[in-house]
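J.: Going down the list, the protein sequences come from chains A and B. Under numbering that gives the first Met the number 0, the residues of the first sequence are numbered 0 to 335, in order. Under numbering that gives the first Met the number 0, the residues of the second sequence are numbered 0 to 335, in order.
Hint data in this document are derived by calculation from the structure and do not stem from the laboratory. Because the structure is a prediction, the values reported are computed rather than measured. Any given hint might turn out to be false.
[Unchecked claim] Restricting the straight-line Cα-Cα distance to at most 30 Å, the calculated cross-link-like pairs of lysine-lysine (DSS-like) are: (1) B:Lys107 / A:Lys252; (2) A:Lys57 / B:Lys141; (3) A:Lys57 / B:Lys198; (4) B:Lys207 / A:Lys207; (5) A:Lys57 / B:Lys252; (6) A:Lys198 / B:Lys252; (7) A:Lys141 / B:Lys57; (8) B:Lys207 / A:Lys252; (9) B:Lys2 / B:Lys57; (10) A:Lys198 / B:Lys57; (11) B:Lys9 / A:Lys141.
[As the list claims (entries may be wrong)] Looking from chain B toward chain A, a few residues come up when the C-beta cut is under 8 Å (computed): (12) Phe63; (13) Val65; (14) Val68; (15) Gly222; (16) Gln247; (17) Lys266; (18) Ser267; (19) Ala268; (20) Met269; (21) Gly272; (22) Phe273; (23) Ile274; (24) Gln277; (25) Tyr278; (26) Arg281.
[What the hints assert, rightly or not] Computed Cβ-Cβ distance ranges for the label pairs, DEER-style: (27) B:Glu179 / A:Thr235: 37 to 45 Å; (28) B:Asp138 / A:Gln143: 42 to 50 Å; (29) B:Thr17 / A:Thr235: 25 to 33 Å; (30) A:Thr199 / B:Asn201: 24 to 32 Å; (31) B:Lys207 / A:Pro64: 55 to 63 Å; (32) A:Thr235 / B:Asp104: 55 to 63 Å; (33) A:Gln291 / B:Asp55: 33 to 41 Å; (34) B:Thr276 / A:Lys207: 22 to 30 Å; (35) B:Gly169 / A:Pro64: 23 to 31 Å.
Note that CB positions come from ideal geometry on N, CA and C, so glycine has one too.
Each chain, letter by letter, is given below.
There are 2 protein chains.
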Amino acid sequence: MKKNLKILLKSRPTGMPTMENFQFVEEEVPVPKDGEILIKTLYLSVDPYMRGRMSDAKSYVAPFPVGEVLTGGVVGQVVESHNENFRVGELVTAELGWARYSVSDGQKVRKIDPTAGPITTALGVLGMPGLTAYFGLLDIGKPQPGETVVVSGAAGAVGSVAGQIAKIKGCRVVGIAGSETKVRYLVDELGFDAAVNYKTDNLHAALKEACPNGVDVYFDNVGGDVTDAVIYRINTNARIVLCGQIAQYNLEKVDVGPRLFTQLLIKSAMVKGFIVTQYAQRANEGIQALSQWLREGRIKYSEHIVEGLENAVDAFLGLFRGDNIGKQLVHVSDPE
Amino acid sequence: MKKNLKILLKSRPTGMPTMENFQFVEEEVPVPKDGEILIKTLYLSVDPYMRGRMSDAKSYVAPFPVGEVLTGGVVGQVVESHNENFRVGELVTAELGWARYSVSDGQKVRKIDPTAGPITTALGVLGMPGLTAYFGLLDIGKPQPGETVVVSGAAGAVGSVAGQIAKIKGCRVVGIAGSETKVRYLVDELGFDAAVNYKTDNLHAALKEACPNGVDVYFDNVGGDVTDAVIYRINTNARIVLCGQIAQYNLEKVDVGPRLFTQLLIKSAMVKGFIVTQYAQRANEGIQALSQWLREGRIKYSEHIVEGLENAVDAFLGLFRGDNIGKQLVHVSDPE
C-alpha cells in the first residue's frame with residue numbers, strides 16, 4: 000500500500016532553520032473528491048524566499064502556518080482525476096505541498112509543454128526563477144547595450160538567467176558568487192565578462208577592476224556587504240533591481256550597515272523591489288522569450304538535484320550554505 | 000567709492016563647517032567688459048546642497064574650488080550693461096557669487112517677471128526649491144488621491160511646497176519637522192493633515208498615529224533615523240523620493256543604520272534620487288503651475304531673511320541648526 004510522506008513546519012525558526020523546525024508525517028495517500036485531481040510529486044523546488052514564509056513577520060507572501068504542510072513549486076504527474084480538465088498521466092506544475100502526493104482542485108495548475116524543454120525547467124529557467132530574472136532585469140533594470148550589469152547571487156537560479164539575458168541585450172556582465180567553481184562557471188560556461196568571488200577577493204578592488212566604467216544596473220539577490228560594495232561603484236542614473244536579500248534572511252535581528260541613501264541621491268539612482276507575481280499577466284511573454292533563447296542555446300542552465308523528499312530540508316538549507324549552482328531541486332519520484 | 004565684498008571658501012570643512020572655513024574679501028567692484036553685465040545682489044539663497052559642494056567628494060555638482068568665491072542662487076539688479084539683452088534696472092536671477100556685485104556674460108541669467116510674485120520667490124517657491132518639490136513629488140512620487148504622503152524637512156523651502164502640492168493632489172499629508180513652531184505652522188498655516196516633531200515625539204508611535212493607512216509616498220529631505228522610521232511604515236508599491244539627506248551632510252564618516260533593502264523588497268517599493276537640473280527642459284511647466292497655485296492662494300510660503308552679506312555664513316549654518324521656516328535668504332542690498 001502506497002503511503003504519503005509530507006513535511007510540516009513544526010515551529011518558526013529563529014536565525015538559521017534546523018531540522019527541529021520541521022516534522023515528517025507519514026499518512027494515507029489523500030483521496031481526491033469530485034472535481035479534484037491527485038498529483039504525484041516528481042520534483043520539488045526549494046527557494047530562498049521560503050525562509051521569509053517560515054517567519055511570521057509581514058511580508059509579500061503570507062507566512063506558512065505552523066503545523067501545516069510546507070508548500071513550494073512542484074512538477075508532478077496527474078495520477079487520478081475527477082476533473083474534466085485533466086487526464087491521468089499529464090505533467091503539470093503548481094504550488095503544492097512538500098509531499099509525495101497532493102490533491103488539487105485544478106485551479107492554478109498549469110500543464111507543462113514537454114517539447115519546450117526538460118520538465119524540470121518549469122521550476123527553473125521556464126518557471127518562477129526565469130520569469131523573476133526576465134521581468135526584474137528588463138522591466139526594472141532596463142539594461143542598454145554597452146552598459147555594465149552586475150548580478151549578485153549570480154550562480155543561482157535567478158542570477159544565472161538575469162546575467163545571460165543582460166548578455167543577450169549587449170551589456171558587459173559581471174557576476175558575484177561565493178566559490179571559485181561558481182566564478183569559473185559564470186565566465187567559462189555562461190559567458191559572463193567577469194566574475195568576482197566575494198568570499199576570497201577584495202570585493203571593492205575586484206569590482207573596480209571588473210567594472211572599469213562603473214555599474215549601470217545592479218541585479219541584487221543578496222544584500223549586505225556585497226550590495227554595499229556595488230553601490231559605491233554605481234553610475235549616475237543607475238538602476239538597482241531588488242530581487243532578493245539572502246544574506247539577511249537568517250539574521251536574528253535587523254542588520255546594520257552604511258547608510259546608502261546619500262549614494263543613491265548623488266547618483267540619481269533608482270532602487271526598486273518587486274515580486275514576480277506582479278507580472279502574472281505577462282507570464283506568457285516571458286516564457287516565450289526564455290523558451291526561444293533556450294532553444295537557440297543563448298541561455299544555459301544548471302540544476303542541483305538532491306535525491307529524495309526526506310532530504311528536502313537539507314536541500315533548502317543548502318541554499319544558504321551556497322551548495323547549489325543553478326536551480327536547487329529535490330527529486331521525489333519518477334513518472335508512472 | 001563703492002566696494003565689493005565677497006566670501007571665499009578658505010578650506011574644506013570636516014564635519015560641521017565653521018567660520019574658519021570661510022574668508023571675507025573686500026575689493027574693487029568688478030568692471031563688465033563688452034557683452035557683460037554688472038549685477039548687484041539683492042538677495043542670496045543659501046541651501047543645504049551647498050554643503051556637499053564644500054567637500055571634494057564626487058557628487059552631482061562639482062565641488063567649490065578652495066580659494067574661490069562661493070556661488071549660489073541670487074536675485075539681483077542689472078546696474079551696468081554692455082549686453083544688448085539686458086537693460087540697466089532689470090531684475091534677474093542666476094547662479095552667482097556670494098558677493099555684493101557679480102559680472103556675468105548673461106548666459107543662464109533669467110529675467111524675473113515681477114508680476115508673478117515678490118522677487119524673492121524666484122529663489123523659493125518659483126525657483127529651484129519650488130521646482131525641486133514639483134518634479135520630485137509629481138514625477139517620482141506620483142501621488143494619487145487618497146494616498147498618504149509623508150514629507151521630512153517639511154517646514155523647509157522644498158518640503159513645505161512638496162506637502163502643499165500633495166494636498167492639492169488630494170492626498171493625506173503628514174509633515175516631519177524639528178520644533179513645535181514648525182509643526183504648528185505645517186498644520187495651521189499650510190493645511191497639512193498632521194505633523195510630527197522628530198525631536199520630541201516618539202517617532203515610530205507618532206507616525207503610526209499620523210499614518211493610519213501606512214505611507215504611499217515619502218518625500219525625503221533628511222535621511223538618517225527619521226527616514227528609517229518612515230520606511231518601516233511604507234505600503235506595498237510605495238515611492239520614496241530622495242531629495243536631500245541633510246542629516247548626513249556634516250558627518251565625518253559614513254553613518255551606519257539598519258539595512259533597509261529587505262523592507263523595500265518585501266514592499267515592492269521604489270527609491271529614486273534626483274536633481275532638479277534633470278528637469279531643466281520642463282522648468283516652464285513647473286513655474287507656470289506653481290505661479291497659478293500661488294496666485295490662487297493654494298500654495299503659501301514663508302521666508303527666513305537674514306540681514307547683510309556679512310551674515311551669509313551664519314545663515315547657511317542655520318540650515319543645519321533648523322533655524323529656518325521656509326526659504327532661508329540673505330538680504331544683501333536694495334534695488335536702485
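J.: Decide, hint by hint, whether the structure agrees.
T.: Evaluation of the provided hints:
1. B:Lys107 / A:Lys252: violated, 52 Å
2. A:Lys57 / B:Lys141: holds, 25 Å
3. A:Lys57 / B:Lys198: holds, 29 Å
4. B:Lys207 / A:Lys207: violated, 42 Å
5. A:Lys57 / B:Lys252: violated, 33 Å
6. A:Lys198 / B:Lys252: holds, 26 Å
7. A:Lys141 / B:Lys57: Cα-Cα ~25 Å, so holds.
8. B:Lys207 / A:Lys252: It holds: about 22 Å lies between the C-alpha atoms, which stays within 30 Å.
9. B:Lys2 / B:Lys57: With a Cα-Cα distance of about 35 Å, the restraint between lysine 2 (chain B) and lysine 57 (chain B) is violated, given a limit of 30 Å.
10. A:Lys198 / B:Lys57: With a Cα-Cα distance of about 29 Å, the restraint between lysine 198 (chain A) and lysine 57 (chain B) holds, given a limit of 30 Å.
11. B:Lys9 / A:Lys141: violated, 44 Å
12. Phe63: Check failed: Cβ of phenylalanine 63 (chain B) comes no nearer than 15 Å to chain A, outside 8 Å.
13. Val65: Violated - the Cβ of valine 65 (chain B) stays beyond 8 Å from chain A, reaching only about 20 Å at its closest.
14. Val68: violated, 23 Å
15. Gly222: Given a least distance of 5 Å, the restraint on glycine 222 (chain B) holds.
16. Gln247: Where the cut-off is 8 Å and the nearest Cβ of chain A is about 5 Å from glutamine 247 (chain B), the hint holds.
17. Lys266: With Cβ-Cβ at 6 Å, under 8 Å, it holds.
18. Ser267: holds, 5 Å
19. Ala268: holds, 5 Å
20. Met269: Since chain A brings a Cβ to about 4 Å from methionine 269 (chain B), closer than 8 Å, the hint holds.
21. Gly272: Holds, about 4 Å.
22. Phe273: holds, 5 Å
23. Ile274: holds, 6 Å
24. Gln277: Since chain A brings a Cβ to about 7 Å from glutamine 277 (chain B), closer than 8 Å, the hint holds.
25. Tyr278: violated, 11 Å
26. Arg281: violated, 16 Å
27. B:Glu179 / A:Thr235: 37 to 45 Å: holds, 40 Å
28. B:Asp138 / A:Gln143: 42 to 50 Å: violated, 21 Å
29. B:Thr17 / A:Thr235: 25 to 33 Å: holds, 32 Å
30. A:Thr199 / B:Asn201: 24 to 32 Å: At roughly 45 Å between Cβ atoms, asparagine 201 (chain B) and threonine 199 (chain A) fall outside 24 to 32 Å, so the hint is violated.
31. B:Lys207 / A:Pro64: 55 to 63 Å: Violated: the Cβ-Cβ distance is about 27 Å, outside 55 to 63 Å.
32. A:Thr235 / B:Asp104: 55 to 63 Å: Violated: the Cβ-Cβ distance is about 28 Å, outside 55 to 63 Å.
33. A:Gln291 / B:Asp55: 33 to 41 Å: Hint violated: Cβ distance 50 Å, outside 33 to 41 Å.
34. B:Thr276 / A:Lys207: 22 to 30 Å: Given range 22 to 30 Å: holds, Cβ gap about 28 Å.
35. B:Gly169 / A:Pro64: 23 to 31 Å: Violated, since glycine 169 (chain B) and proline 64 (chain A) (Cβ atoms, about 39 Å apart) do not stay within the stated range.
Hints 1, 4, 5, 9, 11, 12, 13, 14, 25, 26, 28, 30, 31, 32, 33, 35 from the list above are not met by this structure, while the remaining hints are.
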